[in-house]
Amino acid sequence: MRLWIIILLTTFFTGCATTPAERAAKVEREVEQMIQVYGPACNKLGYDPASDAWRSCILQLAAQDDYKRFSQYNNMPRHTHCYAHKGFYNCVTL
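To get this note's numbering, take the position in the sequence shown, counting from 1, and add 15.
Everything labelled a hint here was simulated from the structure, so no lab data went into it.
Glycine included, C-beta positions come from ideal geometry on N, C-alpha and C.
Treat the hints loosely; a few may be bogus.
To be verified - Using C-beta positions, here's what the derived DEER-type ranges look like:
#, residue 1, residue 2, range
1, K83, I50, 42 to 50 Å
2, A78, A39, 17 to 25 Å
3, H100, R17, 24 to 32 Å
4, L23, A99, 27 to 35 Å
5, R17, Q48, 43 to 51 Å
6, H96, R17, 50 to 58 Å
7, S66, I20, 55 to 63 Å
8, I22, E47, 15 to 23 Å
9, Y104, T25, 49 to 57 Å
10, D63, P35, 30 to 38 Å
11, Y98, E43, 25 to 33 Å
12, L74, R38, 15 to 23 Å
13, M49, I20, 42 to 50 Å
With these hints in hand, go ahead and build the complete structure from the sequences.
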């Protein structure tokens with residue numbers, strides 16, 4: 016019984032591992048998607064396609080978009096309310 020559990024767990028964890036080739040393929044797909052989304056905008060801004068400045072423009076636009084997308088939760092108004100009872104302090108941030 017113990018052998019079957021070890022074999023099952025080994026098979027499961029081996030199947031979850033990604034190889035460097037798979038990770039490289041994933042990054043290539045992400046870069047191709049960034050080129051499709053931000054490439055035309057960089058072309059309209061006057062950058063020569065396939066130049067270093069054009070690639071930098073694509074990366075900057077992607078970074079700006081990611082910042083806007085992931086920072087939406089940081090802009091929420093917050094306040095902290097603290098109260099004390101018998102020497103214990105409790106603070107709640109909303």
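Going through the hints against the structure:
1. K83 to I50: 42 to 50 Å: Given a distance of about 20 Å, which is not inside 42 to 50 Å, the answer is violated.
2. A78 to A39: 17 to 25 Å: Given range 17 to 25 Å: holds, Cβ gap about 21 Å.
3. H100 to R17: 24 to 32 Å: Violated, since H100 and R17 (Cβ atoms, about 53 Å apart) do not stay within the stated range.
4. L23 to A99: 27 to 35 Å: Hint violated: Cβ distance 54 Å, outside 27 to 35 Å.
5. R17 to Q48: 43 to 51 Å: At 46 Å between Cβs, range holds.
6. H96 to R17: 50 to 58 Å: For H96 and R17 the Cβ distance comes to about 54 Å; the hint holds.
7. S66 to I20: 55 to 63 Å: Taking Cβ atoms as reference, S66 and I20 lie about 56 Å apart, which means the hint holds.
8. I22 to E47: 15 to 23 Å: Given a distance of about 39 Å, which is not inside 15 to 23 Å, the answer is violated.
9. Y104 to T25: 49 to 57 Å: Holds, since Y104 and T25 (Cβ atoms, about 50 Å apart) stay within the stated range.
10. D63 to P35: 30 to 38 Å: holds (32 Å)
11. Y98 to E43: 25 to 33 Å: The hint (25 to 33 Å, Cβ to Cβ) is violated, given that Y98 and E43 are roughly 55 Å apart.
12. L74 to R38: 15 to 23 Å: Holds: the Cβ-Cβ distance is about 19 Å, inside 15 to 23 Å.
13. M49 to I20: 42 to 50 Å: holds (44 Å)
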